[in-house]
Amino acid sequence: MNTLSIADLRNTTSQILVTGNHARIIQSILDFDYASGKEKPSVIGIVAGGRKTQKLFWGDGEVLIPVFETIVEVKNKGFKPDFLFNITSASSTFLMVDTFFTIFENAKGAHIFAEGVAERDALALIEKYGESKSIAGPSGVGFCIPGHLKLGAIGGVLGERIAELGSSQGSTAVVCSSGGMVNELMYQIVAQGSGISFAVAFGGDRFPVTSPLQWIQLAQNDPQTKEIVYFGELGGRDEYVLSEAIKDKRITKPVYAYIAGRFESKDEKIQFGHAKALAKSEDETAQAKMKALREVGVIVYETFRDFMSSFASLSKETTKVEGAREWKLRGSQIRATAFTAPKYETFAHANSFTEGILMRILQKSSVSHETVAFTDTVFSELIDHGPHVSGAVNTIITTRAGRDMGSAVATGILTIGDRFGGAINNAAKVWQESVSRDTPPSELVALYSKNREYIPGIGHKKYNIYKSDPRVATLIAMGKKALNNPKHLLFAEEVARETSKKKENLILNVDGTIGALYLDYLSEKEMFHVEQIKELIEIGFFNALFIIPRTTGFIGHFLDQKRIDEGLFRFSDSDIYEY
Amino acid sequence: MARVAITEYAAKKLVLGESYMGVTVTRGTVKGALTLFKEQTHYIVKIDVGIKKRGKQGLLRLNVEKSAIPKVCTELFDLGYERCVIEEMVSHETQDERYISIDLQRDGAQVLYSSKGGVEIEENHDVIERFFVPRDEVLFGMPTPSLENVPLPLLLQKMQEFHMSFIEINPFITKNGLFTALDMAVEIDDAKAHKLPIWVQEHIIKKANSVAEKEVQHQDDVTSAALTLKILNKNGSILTLFSGGGASLVAMDGLVGAGLQDQIINYSEYSGAPTRDETHTYANTLLKVLFDSDSSKKVILIAGGVANFTDIMLTFAGIVDACSEHIAKLQEQKVYVCIRRGGPNQEKGLTHLRTFLSSHNIPHDVHGPEFSLGEVGALVKVHI
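Residue numbers (the numbering used here), protein chains in the order written: chain A, 1 to 579; chain R, 1001 to 1384.
The hints are simulated quantities; they were obtained by calculation from the structure and are not laboratory data. Built from N, CA and C at the ideal position, the CB exists for glycine as well. Don't take each hint at face value.
[What the hints assert, rightly or not] With a straight-line Cα cutoff of 20 angstroms, these simulated EDC-like cross-link-like pairs (lysine to aspartate or glutamate) come out:
| id | chain 1 | residue 1 | chain 2 | residue 2 |
| --- | --- | --- | --- | --- |
| 1 | R | K1207 | A | E268 |
| 2 | R | K1234 | A | E268 |
| 3 | R | K1381 | A | D306 |
| 4 | R | K1053 | A | D267 |
| 5 | A | K450 | A | D469 |
| 6 | A | K525 | A | E535 |
| 7 | R | K1052 | A | E524 |
| 8 | A | K280 | R | D1103 |
| 9 | A | K534 | A | E524 |
| 10 | A | K269 | R | D1103 |
| 11 | R | K1230 | A | D267 |
| 12 | R | K1192 | R | D1103 |
| 13 | A | K280 | R | E1129 |
| 14 | A | K80 | A | D8 |
| 15 | A | K128 | R | D1107 |
| 16 | A | K462 | A | D384 |
| 17 | R | K1053 | A | E282 |
| 18 | A | K269 | R | D1190 |
| 19 | R | K1052 | A | E282 |
| 20 | A | K269 | R | E1213 |
| 21 | R | K1206 | A | E268 |
| 22 | R | K1381 | A | E302 |
| 23 | R | K1234 | A | D267 |
| 24 | A | K328 | A | D60 |
| 25 | A | K280 | R | E1123 |
| 26 | R | K1056 | A | D267 |
[To be verified] Restraint ranges, calculated between C-beta atoms of paired labels, are given here:
| id | chain 1 | residue 1 | chain 2 | residue 2 | range |
| --- | --- | --- | --- | --- | --- |
| 27 | A | S315 | R | E1148 | 55 to 63 angstroms |
| 28 | A | T13 | R | E1202 | 39 to 47 angstroms |
| 29 | R | Q1160 | A | A312 | 44 to 52 angstroms |
| 30 | R | Q1160 | A | S132 | 20 to 28 angstroms |
| 31 | A | T70 | R | E1370 | 40 to 48 angstroms |
[Said to hold, decoys possible] What the simulated footprint calls covered on chain R by chain A, stretch by stretch (three residues with Cβ under 8 angstroms from a Cβ of chain A suffice, anywhere in the stretch; the number is not a length):
| id | segment |
| --- | --- |
| 32 | 1158-1170 |
| 33 | 1182-1192 |
| 34 | 1226-1235 |
| 35 | 1259-1269 |
| 36 | 1307-1317 |
Could you build all of it, start to finish, from the sequences and the hints given here?
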């Protein structure tokens, strides 16, 4: 029933999505990938908060792994992960795993890192995904196909061992309850000259989602696996299920086993470290389970020492992973760079100031002449709008307090925000979202009016339908001439037609116009796709179109005041008190 | 931890609700509770701290009248227990006692039922009926099969509501069609214990009995790491300090295999990267347990696998911090220290410990991961 095939996984490139962040474990996955010769990391992204990228090493260099806010966002950006590595807390585990498989129906499996997931949460996962997916855990360190897939901390996080695991494979499968012990077993097997076909820590909780037998079944079905090494513990009945399967010849490959937990107390049932490690009845003791396995021909070792030494007689067939890199793990003296930035030279050769600005802020090596021309007009229109506005006032007052250009201009810039000059980005956000969702303009207006909010980019203190803003007219004329399909502008105009019916000054203002037209220029002339545009909105790009020219205006106000120099500014009483 | 028991009172109150009339008392609350009892009624008073087979051990009193309740309770508390439950006596014939248990398992809920319930249940193994309520019905509350005289759907629903993993009612009787649970034992899923009503919290049975176990329990409650201590033989010779769920079992097996089963003082496991301070406090508690043992030979065995993330230097520094407070005692009691451990920063950690032990003339055998975990029994045995 289990759809996973170890053999198939060796022939495909698997992609992993991580939920929760644990840089050290994720790094160990990248080190494994690099050693195995992959072109790029198997980890396609991390779902976590507070950042957009996670910097990690890729070989001796560095790589930025995308960080997403939600699993839905991962899908929207076009990724199709095959596996989930969930490192979130036990209480949010069910939701994460369930969401992942709901969104990515064809994904193959997962590893749940958390220990102490509620029993009913684990059972619900078994009910929904127990037959169709391969899920290692709750608890443990995940699973690994040497040279192909490392899902979790399995194999550890230490250098050389991971490099070895990434580049060499063999024919022994390791199926183990414990995260710590799976590593011990894997490296003992390798140390004694054999190799691993695949390994899993199915977890020490009471209800592992994929059961030990299901993992052993995968080993049985894998042509590369010749022998199976099994480590179990007291507690639970997994070994009886396994011995039934061996008796029925569903499992025919040789199994070498150790069942830990021989200490027995006459007085009471002892709970050992793992949640499952308690023998509730006589048949759950290590001894009883060892007996059951022996009866069906499993070689069960009496001491752990004998178990370890038996690895010497495992098959010695090991092969180098095709394309594996000869790579000695980077030394600890190599440190990640303090931050990541693109190279300055990429944007250094522009034909004009405006083009240079655009290349720099759009991170492009060339920009269309239409966009340059439009931006040039935007900049010209926005350089200054008189000394009345908050940014100019701040600059003037600071200048008159005797401060330098940098300080005075900075105080002006500091006033730019949602209320002053900072509406372009918000307006762009509203236009972009509405157009991409096909929201009718009337519906948008109704929504804002219901919430008693202003639509960003609509309304002006000075201009109205009778007295139009000349800057807006200039920009619209230019845009309509250059663009084939100014859909955001048309939408914004439609919205303004509705709002101006309600109140005469609720017209499309200069911020709303620039926001709309810029969206059109970027998609039509610069070939930006929706996700790129959404990112520009998210990082607040559009306000640059105001801050850049207006900084010049503030410099103008600074120089004006320096020339005139009326001394320190102070309000008179009548400016502040009514009486 | 996994499943934890709750008191009989809490079990019955959660499952039976308002219809349950039992009263729970501690030494301080007996007097105040007296108004709840009636004259001319007979009560049963039982120790209620999760102990089974109380009748055989003399931990309950039958046919107690209201006036005798305070005296009877004091007697029982004086045996060293903290809580009693008091219920009205229900007269019945032993032959009417029935047994039922429901255990949450991988494939669903396993129900065991016996028409011969009561204290002799284990002797009547052959009459136990066993059947399964499938997993989807247990999880998603679909109709469940009926069992004569047992409110099975209600029990399953309460198990779901209060995160119960196991429930055993032995015995129960049915009198005039009314289901009456005479004794009840419930285990809840520790992962969801915090979701239960506040009053239940002090009815969760703590496994810690000794002072040291209680100390470690407290240390565990306030850290994100996992710290455990179980005293097995307080006068044994070997103090264990293990890390990792699987590795700790293998190390225990090593001691058992070397014939040292009866010499093991404790089972201790720490994992989940405790800090240096947390390890220090934890190791301190364990050392006191070692010093209190009457044994003339003493060995500390620090063992674990190759850690994934636990920093060996940090945790070993915590252990050294604890040992440095007891140098004289360690020397005086001729304590031998054996170690097998690996993981991040292992060289630094092992060297730190080795240097400390050498400089204070404390005999030791310190090994890294090249030494097999299966050999720790032999490592210790030569010093016992």
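>> Hint compliance check: list the failing hint numbers for this structure, sorted ascending.
In response: 5, 7 and 28
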